[in-house]
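Enquirer: Each chain is listed here by its residues.
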Amino acid sequence: MLKRNALAFLLAVSLPLAAHAGDSYTVDPAHTFPHFTINHLGFSTMHGRFDKTSGKITLDRAAKTGSVDIAIESASVSTGFAKRDEHLKSPDFFNAAEFPSITYKSSSMKFKGDAPVSVEGTLTLLGVSKPVTLTLTEFKCGDNPMSKKPECGAGATAQIKRSDFGMKFGLPGVGDDIKLEFEIEAYKD
Amino acid sequence: MHELLHHPAVQGGLVPFVVALIAAELLQRLRLSGLAVVLGFAATAYLVSGLPFDTLSASHKLVWLGLISPLVAISLGLLNAAWVRPLLAAAGGAAAIWMAEHILQHQVPAAVFLWSAGIALYVGWLVFWMDELQYSPVRAASAGLALGLGTGLAALFGASASLGLYGLSLGAAAGAYLLIQMMTNNRLPCGHSFTLPLSLIAGLIGCLAVLTARLPWYALIALAAIPPVARIPVSERSALWLQSVLLSAATLFCAAVAVYLTWRVAGMPPL
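If you read the sequences in order, they're chains A and B. The first sequence lines up with residues 1 to 189 when you count with my numbering. The second sequence lines up with residues 1 to 271 when you count with my numbering.
Think of the hints as simulated: they come from the structure by calculation, not from any bench. No experiment lies behind these values; they were computed from the predicted model shown. Quick reminder that beta carbons are idealized off the backbone N, C-alpha and C, glycines included. Any given hint could turn out to be false.
Said to hold, decoys possible - Under 7 Å between C-beta atoms, here's a sample of chain B residues computed to sit facing chain A:
| hint | residue |
| --- | --- |
| 1 | S49 |
| 2 | G50 |
| 3 | D54 |
| 4 | T55 |
| 5 | S57 |
| 6 | A58 |
| 7 | H102 |
| 8 | H106 |
| 9 | P109 |
| 10 | S160 |
| 11 | A161 |
| 12 | S162 |
| 13 | L211 |
| 14 | T212 |
| 15 | A213 |
Please model the entire structure based on the sequences and the hints provided.
Expert: So, in structure tokens, the structure goes:
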């Protein structure tokens, strides 16, 4: 009797938890690109992006909770000029051989209505972890008209100082402030 | 002034040259002129990367190992035992593996073994053969000039400017040490304090440039030939400037081969 009561209690507790765990989404690498912009010697603003990104997102719009777990392949950095990309992969900048991944793990998500507006989390770059807030500039969930699969998409921005992560080569000529822009699409699992 | 100190030519050339020139002169009475090379390197490391470091990445380990090595050199120099040279070579090899540990973790086991053996052999070789030159300041300085410039330029062509500047700083500092001898026709004190930091730092830069940038591994063979080539027969009774020119020409040829091999693979350095 005691066992049956305990089982009933566990079921009663776990069912709402499962419902609040939210939907799980897998990042679509074909439509997910982290971009960055950086000042070059005061003359211009250079743009670059990473071509390979993976990760998982969970979202419970009713409970206003969610999580983001993203991994960016640092060797996939691309600026449209191969020689510069080689330099960006070297120990002067992203040090891709030693730190092949750049990661972002969320700690909390803020909502306005049922749509997320910002994500608090930790960015790990060159082995250094610092808190970074992503501000969402757009957000939409629905069925993809081509694949007919349910998916969510978002745009997000953040601002970091590369010197905070130990990336000090070329300062101050090559700017310290980096603007990050993400476009993310993720299919429901 | 601030902008001037951020110029690569100043960071990797002028500053280490001037620091080494002053240090070699000032430390002559203490018979520690050999420290000029590591002081020049330290000045460049401070300007290029800033000290201290937040994390212990491979390039940060390289700098720390380089800065600590004179303490080992001075301590072991007091012993003057036959086993010191092989011990230093073995320690240099171990230091190379420790430096590259985090990079090697991302490789498959067979590659880890090959890279570990290769980088340990390269650094151990340089440390051993440079140590052979510790009683010949002109030969050691000529080899240091070529090893620094060769390693620095090859790393620069291999797409890592910071490693390139580290290497060039060794060449500039060794060049200052050599210049004093050429100008005064007097040999400066040398010893482990010159040969160990120079060979260790140059060796580690070469390994790191191969592992993380585009320096081809076979360019290291040309660089490894520099210390043995610095032992070619040159009359010890001739003027020091003449010895310096002949030895530098021979060793710089090896450095040029290494730079050429890197240029063939990687092309011009990024701007």
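Enquirer: Please go over all the hints and tell whether each is borne out by the structure.
Expert: Hint by hint, here is what the structure shows:
| no. | hint | result |
| --- | --- | --- |
| 1 | S49 | 6 Å, holds |
| 2 | G50 | 5 Å, holds |
| 3 | D54 | 5 Å, holds |
| 4 | T55 | 5 Å, holds |
| 5 | S57 | 6 Å, holds |
| 6 | A58 | 6 Å, holds |
| 7 | H102 | 5 Å, holds |
| 8 | H106 | 6 Å, holds |
| 9 | P109 | 17 Å, violated |
| 10 | S160 | 4 Å, holds |
| 11 | A161 | 5 Å, holds |
| 12 | S162 | 5 Å, holds |
| 13 | L211 | 6 Å, holds |
| 14 | T212 | 4 Å, holds |
| 15 | A213 | 5 Å, holds |
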